[in-house]
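Residue-level listing of the chains:
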Amino acid sequence: MRFGPERQNLALERDALIARMHPASLEPNPSLWTAVAVNLRTFRQRHSLAHQRHHNEYHRRAATLRNQIGGRRVRVSALAQLIQVRELDEAVSVDVSSRFEDLAASVRNCSLESDFDLESAPWCNQPKLPIDETAPERQVLEIFGAMDASMREYNRRLGVHAVRQLMADSASPQMDTIINLIQVADPASWKTCWTKT
Amino acid sequence: MLQLCEEIQKTRLPLEGFQTIFSGSATVADKALSNQEALTGSAGYGSDYIGFYNTAEDRFGDAANLTNAVEAFKRAKRLGMLAEVLSRAKTDLDKIR
Numbered sequence: 000m001r002f003g004p005e006r007q008n009l010a011l012e013r014d015a016l017i018a019r020m021h022p023a024s025l026e027p028n029p030s031l032w033t034a035v036a037v038n039l040r041t042f043r044q045r046h047s048l049a050h051q052r053h054h055n056e057y058h059r060r061a062a063t064l065r066n067q068i069g070g071r072r073v074r075v076s077a078l079a080q081l082i083q084v085r086e087l088d089e090a091v092s093v094d095v096s097s098r099f100e101d102l103a104a105s106v107r108n109c110s111l112e113s114d115f116d117l118e119s120a121p122w123c124n125q126p127k128l129p130i131d132e133t134a135p136e137r138q139v140l141e142i143f144g145a146m147d148a149s150m151r152e153y154n155r156r157l158g159v160h161a162v163r164q165l166m167a168d169s170a171s172p173q174m175d176t177i178i179n180l181i182q183v184a185d186p187a188s189w190k191t192c193w194t195k196t
Numbered sequence: 000m001l002q003l004c005e006e007i008q009k010t011r012l013p014l015e016g017f018q019t020i021f022s023g024s025a026t027v028a029d030k031a032l033s034n035q036e037a038l039t040g041s042a043g044y045g046s047d048y049i050g051f052y053n054t055a056e057d058r059f060g061d062a063a064n065l066t067n068a069v070e071a072f073k074r075a076k077r078l079g080m081l082a083e084v085l086s087r088a089k090t091d092l093d094k095i096r
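Read top to bottom, the protein sequences are chains A and B.
Residue 30 in numbering that gives the first Met the number 0 sits at position 31 of the first sequence, and the numbers go up by one each step.
Residue 65 in numbering that gives the first Met the number 0 sits at position 66 of the second sequence, and the numbers go up by one each step.
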């Protein structure tokens with residue numbers, strides 16, 4: 000059933016209508032069809048209204064998601080480049096880029112933002128939006144979370160790499176800066192650097 | 000009787016169409032139509048009255064059952080007239096999932 004858990008009343012109404020319009024139900028008294036037809040019309044209107052509300056809600060959320068996804072493109076591009084830097088050790092989350100593109104493609108776009116004919120087909124047709132489909136907000140959170148974690152890891156590795164480079168050259172003019180930073184920072188966070196250098 | 004036979008055949012077509020749209024849509028009218036078809040067949044050219052009587056008795060038993068069969072046929076005709084609109088409505092509802 001594609002009505003989704005929030006619209007089970009519509010699902011029940013639809014099933015009841017199908018049962019009432021079954022030839023075996025109408026055969027004893029075909030004139031009952033008149034009443035069934037009235038109920039059918041009411042059901043279509045209710046379903047169309049529910050779908051219209053769902054359509055508007057989906058596309059309101061989808062617009063927000065598209066903005067958020069667009070804002071992350073630079074980060075995806077940076078991650079794709081960082082993955083290829085061999086000095087930064089084994090690549091992290093190599094599938095994030097493709098998952099991100101899949102996510103971006105999965106957010107539907109529709110020019111029919113509102114006011115489509117209540118008597119028309121039960122779906123918006125460009126492209127078809129099922130009434131139980133929601134904007135992929137959970138997937139966005141998952142992928143953005145994975146991206147952020149990957150970026151934090153690469154930042155850490157970049158930091159370690161930079162410190163190693165500087166430590167290797169004690170005459171570097173940046174050495175004083177490093178020493179100053181160590182004095183104000185928590186030395187525990189540098190443990191990896193000390194043990195591997 | 001020839002007219003009834005033609006009407007039965009015309010009524011059968013839309014009712015048979017239901018079976019592709021509604022699952023398990025064989026109706027009690029099916030039996031009534033079959034019985035009346037048999038009766039009209041036995042009333043055709045070359046049949047004798049004894050054969051007609053035997054078919055009537057075999058298929059309907061008594062006059063009340065024949066009356067019921069004729070009523071069922073009338074309802075089946077009305078149902079047949081709804082075939083197109085019912086099929087369209089069912090197809091629409093099937094899409095709403």
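Treat the hints as calculated values from the structure; they're not laboratory data.
None of the values given here were measured: they were computed from a predicted structure.
Please note that a few of the clues may not be correct.
Sample of chain B residues at the chain A side, in silico, Cβ under 10 Å [what the hints assert, rightly or not]: (1) L14; (2) F21; (3) T54; (4) L65; (5) A71; (6) L85; (7) D91.
Chain B residues, not near chain A, derived (Cβ > 10 Å throughout) [said to hold, decoys possible]: (8) C4; (9) E6; (10) Q8; (11) K9; (12) A28; (13) N34; (14) G43; (15) S46; (16) N53; (17) A55; (18) D57; (19) R58; (20) F59; (21) N64.
Ideal placement from N, C-alpha and C gives every residue a C-beta, glycine not left out.
Verification of the hints:
no. : hint : in the structure
1   : L14  : holds, 7 Å
2   : F21  : holds, 5 Å
3   : T54  : violated, 24 Å
4   : L65  : violated, 18 Å
5   : A71  : holds, 8 Å
6   : L85  : holds, 6 Å
7   : D91  : holds, 7 Å
8   : C4   : holds, 21 Å
9   : E6   : holds, 16 Å
10  : Q8   : holds, 18 Å
11  : K9   : holds, 16 Å
12  : A28  : violated, 6 Å
13  : N34  : holds, 16 Å
14  : G43  : holds, 28 Å
15  : S46  : holds, 30 Å
16  : N53  : holds, 29 Å
17  : A55  : holds, 23 Å
18  : D57  : holds, 24 Å
19  : R58  : holds, 19 Å
20  : F59  : holds, 19 Å
21  : N64  : holds, 16 Å
Consistency note: the structure conflicts with the earlier hints numbered 3, 4 and 12.
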